[in-house]
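Colleague: Chains as they are written, first to last, in our numbering: chain A, 649 to 1120; chain B, 2 to 379; chain C, 165 to 262.
Derived from the structure by calculation, the hints contain no laboratory data.
None of these values were measured; they are calculated from a predicted model.
A couple of the hints might just be wrong.
To be verified - Covered stretches of chain B, as calculated for chain A (at least 3 residues, CB under 8 Å): (1) 34-47; (2) 148-155; (3) 166-175; (4) 230-242.
Stated by the list, open to error - Negatives, chain A to chain B, calculated, CB over 12 Å: (5) 729; (6) 845; (7) 854; (8) 865; (9) 938; (10) 979; (11) 992; (12) 1015.
All residues carry an ideal CB built from backbone N, CA and C; glycine is no exception.
So you can see what is in the structure, the chains are spelled out below.
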Amino acid sequence: MTLAPKREDYDVVVIGAGPAGLAAAATAAEAGLSTLLLDENMGPGGQVFRAISSTPVTDRNQLGADYWVGADLVQVLRASSAEVIHRATVWSLDRNLEIAASIGGASAFVKANRVIIASGALERPFPIAGWTLPGVMTAGAAQTMLKSSALVPNGRTVIAGQGPLLWLLAAQILRLGGRIDRILDTTERGNYLAALPHAFAFLTSPYFAKGLAMMREVKAKVQVVSGVTELSASGDGQLASVSYVAGRRRETVPADLLLLHQGVVPNVNLAMAAGVEHRWDDLQLCWSPVLDANGNSSVAGIAIAGDGAGIGGANAAVVRGRIAARAAVEALAPASAAKLVPMAQLRTDLAKAERGRVFLDTLFRPARQFRIPSGDTVVCRCEEVTAKDILDAVAIGATGPNQLKAYRRTGMGPCQGRLCGLTVTELMAQARGKTPQEIGYYRLRAPVKPITLAELAAVPKTEADVKAVVRG
Amino acid sequence: MSGEYDVAVVGGGLLGSAIAWGLGRLGKKVAVLDEGDITKRASRANFALVWVQSKGLGMPAYTVWTVRAAEAWSRLASELKQQTGLDVCLQQNGGFHLTLGEEEFGQRSELVRRMHNQVGAADYKMEMLSASEVKKSLPLIGPEVSGGSYCPLDGHVNSLRTFRAFHTGFKAFGIDYLPERPVSAISRSGGEFRLTTPKGELRAARIVLAAGNANQALAPMVGLFAPMGPTRGQIVVTERTMPFLPHPLTTIRQTDEGTVMIGDSKEDELDDRALKHSISAVMTDRAQRMFPHLSRLNVVRSWAGIRVMPQDGFPIYDQSETHPGAFVACCHSGVTLASNHAFEVARMVAQGALEPELVGAFSASRFGGAGAANNSGY
Amino acid sequence: MFRRSEHDQRPPVQIFVDGVAVAARQGDTVSAALLASDVDARRSTAVSGAPRLPYCMMGVCFDCLVTIDGVGNRQGCLVPVADGMQVEIQKGKREIGK
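With the rest of the complex left out, here is chain A (with noise of 0.2 Å):
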């Protein structure tokens, strides 16, 4: 089944159905405006609300009932006019608002009046040695596998890092029968004090008893190790063992399956690719786009909303869809905008859903030694770079990520910086002692996402750009 556009122009275009995707698209639709929905999976929900119309795990507690605030959602969606094509993969979006995307081998080309990125988060990288072995996964894919096919560890089972979602996929495999061994968490001592001042906030915000609640459930049937400050993963073609230090002791624990997490970041590639201006957060530590109170970006006509405006969470991003739609419809057509939810009550919804948010980021805040490896430990996993291998190019003159990119392939394989690329700023930062605003990041462009080399060929072209080509 392959479903191209119906329309070559439309008035908001929506990328990714993920909370902000899905929200924003339903908004935007709901208030008359042509709306067009792309999103790379197969069905709706993005990360969190993964395999929501599709999940094979029915009994409602397994998951949770934040998991199926998903369904209402695609409820919403799909009863407004909105057109959503999924296994649709954007590949360009250009200051023209002009977007490529892959559909079935093919790609289309549409024009917005508005793009709505909604492109999400993905796991920070979590660079320690050994993480490349096969047997060592991030705890999101994981959590993917029991979403959408539920699927459970079942070999000896190790789970390591810090953050609310490892607590969530802790409970959910214990839930659907799973085996884990052991949690090692990595949150550093320091941050407790650190995130005290924000605990307010925090004690009175939704997270806060249902954590405690899930933290509860998991510590009573798992080994739960805390103040872990080394991680490491070892065997020979294939996970053997994990080694940890807590306190003084280091262990070594024989595994199978090591399940990484520790936070998530945002998805800047499309962004960045569109000419989105970012900055350093030194909050959550990674790019966050600049953008304004409604979402929009440094290019003109491109908002952002959800976790790839700065991570919120998922109540946040579908307020922030619904901002950044809201503002698209009084852009577009300002009396439709009547029909909707108020701004003022957007903002104060978004405010309630970002309360215990600060708390959450310092308490969480990942420990230096986790983020910034040394040594033979891998950073660009696709191209094979160690820290090491980075740290020489900076010896001999490399100033920032491009230029590593001259030196050593960093981020020029098919992952494109994803996996390496926050890494790689935050390493070269700390040997050229500078900031990690200072050193920048890889200067991305489309495709944003592999395409095959038929599919580009067969992008429309005139006699001038065959004359720019073709020549004695």
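Keeping the supplied structure of chain A fixed, place chains B and C upon it in accordance with the hints.
Modeller: Positioned in the frame of chain A, the structure of chains B and C alone reads:
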């Protein structure tokens, strides 16, 4: 000698690096002033050919200079290997320019004929081959390939690794590589040059301007002239695939890593951040007509780069009469000519004077006024 | 490494991995089906030949690359299984014509 350095090279790309490395090799105390992470860098946007065929139409001296560079490249590669342990993967087993259809074949034949008429067939073995002859060397060509030209002197290299090898070599030669120091002013007093950078002033007895298209602005500071006419080029690169292409082509090459590079357009625009997919489409469409199996490969990256291009397409090597000790060097083919820059240009700068018999034809005095365009500079 | 829940009611789908029949379920991605099976699904990288398995399962890491129905380097975590699908575990660089 006076000043902190014997020579300051302005520009740390392939051209400046080759000259600096060559100077270091001769025992000179050298500083290389470079810009930072984000700037227009042909050295990381290039196509990495070591290319002879079709070079020099309109200027026989350029053909001679290019052939000399191609012949000296293996010495450069082996010296870099010996010094740094880095294999720059030089391959010089001949290169092709393929044509699609009879009209292109005819045009290329005409170019080959004009080249031969100009320089004679003495050291220039470029020839036209039929499609069936091409197929003997490149068995995977598609049915639309009508033939092409072939030159046994052509080849390619890993240009990024060459760049890294030069910079690695800097350490061994005691060359100071000083990035994030764009030069804003140059003056000469007391027999030495003073270069103004954001991180302070630097003094050197001699200077070499090797800043690519920026030479146009720098040259007049020391009584030199470097009229530039940059153009934009786009390149598309695929994922790694098994080796299939034993020879490089003007527009397609398989790197030692296995990726396939497809180039290159020539556009008047100078924004290297924007990409025209329709241009990439023409390039990739031609590539899949030349090698049909390429159509299934995934394109992982594409980019635009700004060519360093003197206004008439030919290199500029010059020395200042008003500011003795100031040299300028700029050219399009920084990869092909790297060996000449490392060995010959560096030697002449170290000597203090360019040799007219070697590079006299490349003086900017040839421009007189505005440069003539449309010669076959590359 | 992973096992299926007994409550999973989705219809079965049969795929072939290097010619061997593997049971999957409708809605599985190729990568999920591989990880739920007993197959040694480790590919080897195009750079060093190092063994890898899927890492992110959300389309960003490209460690799930696999040959599907004769087409190499496809992201197994984004492609749903289909009855009779032929999957090959990829060793090293993508082959010519695949």
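Colleague: All hints are to be evaluated individually against the structure, with a verdict given for each.
Modeller: How the hints compare with the structure:
1. Counting residues of the stretch 34-47 of chain B whose C-beta lies closer than 8 Å to any C-beta of chain A gives 7; at least three are required, and the coverage claim holds.
2. Counting residues of the stretch 148-155 of chain B whose CB lies closer than 8 Å to any CB of chain A gives 0, so the stated coverage by that chain is violated, three being the minimum.
3. Requiring three or more residues with a Cβ within less than 8 Å of a Cβ of chain A, the coverage given for the stretch 166-175 of chain B holds, as 4 such residues are present.
4. Closer than 8 Å: that is the beta-carbon criterion, and the stretch 230-242 of chain B has 3 residues meeting it against chain A, so the requirement of 3 holds.
5. The Cβ of residue 729/A lies farther than 12 Å from every Cβ of chain B, with a closest approach of about 30 Å, so its non-interface assignment holds.
6. The Cβ of residue 845/A sits about 36 Å from the closest Cβ of chain B, beyond the 12 Å cut-off, so the non-interface label holds.
7. No Cβ of chain B approaches the Cβ of residue 854/A within 12 Å, the least distance being about 42 Å, so the stated non-interface status holds.
8. Here residue 865/A stays apart from chain B, with its beta-carbon at least about 43 Å from theirs, past the 12 Å limit.
9. The beta carbon of residue 938/A sits about 17 Å from the closest Cβ of chain B, which is more than 12 Å, so the claim that it is off the interface holds.
10. Remark: the non-interface label on residue 979/A is consistent with the geometry, its nearest Cβ contact in chain B lying 25 Å away (cut-off 12 Å).
11. Even its closest Cβ contact with chain B, about 38 Å, leaves residue 992/A beyond 12 Å, as expected for a residue assigned away from the interface.
12. For residue 1015/A, the requirement that its beta carbon stay farther than 12 Å from each beta carbon of chain B is met, with the minimum near 27 Å.
Checked against the numbered hints listed earlier, the structure breaks hint 2 alone; every other hint is satisfied.
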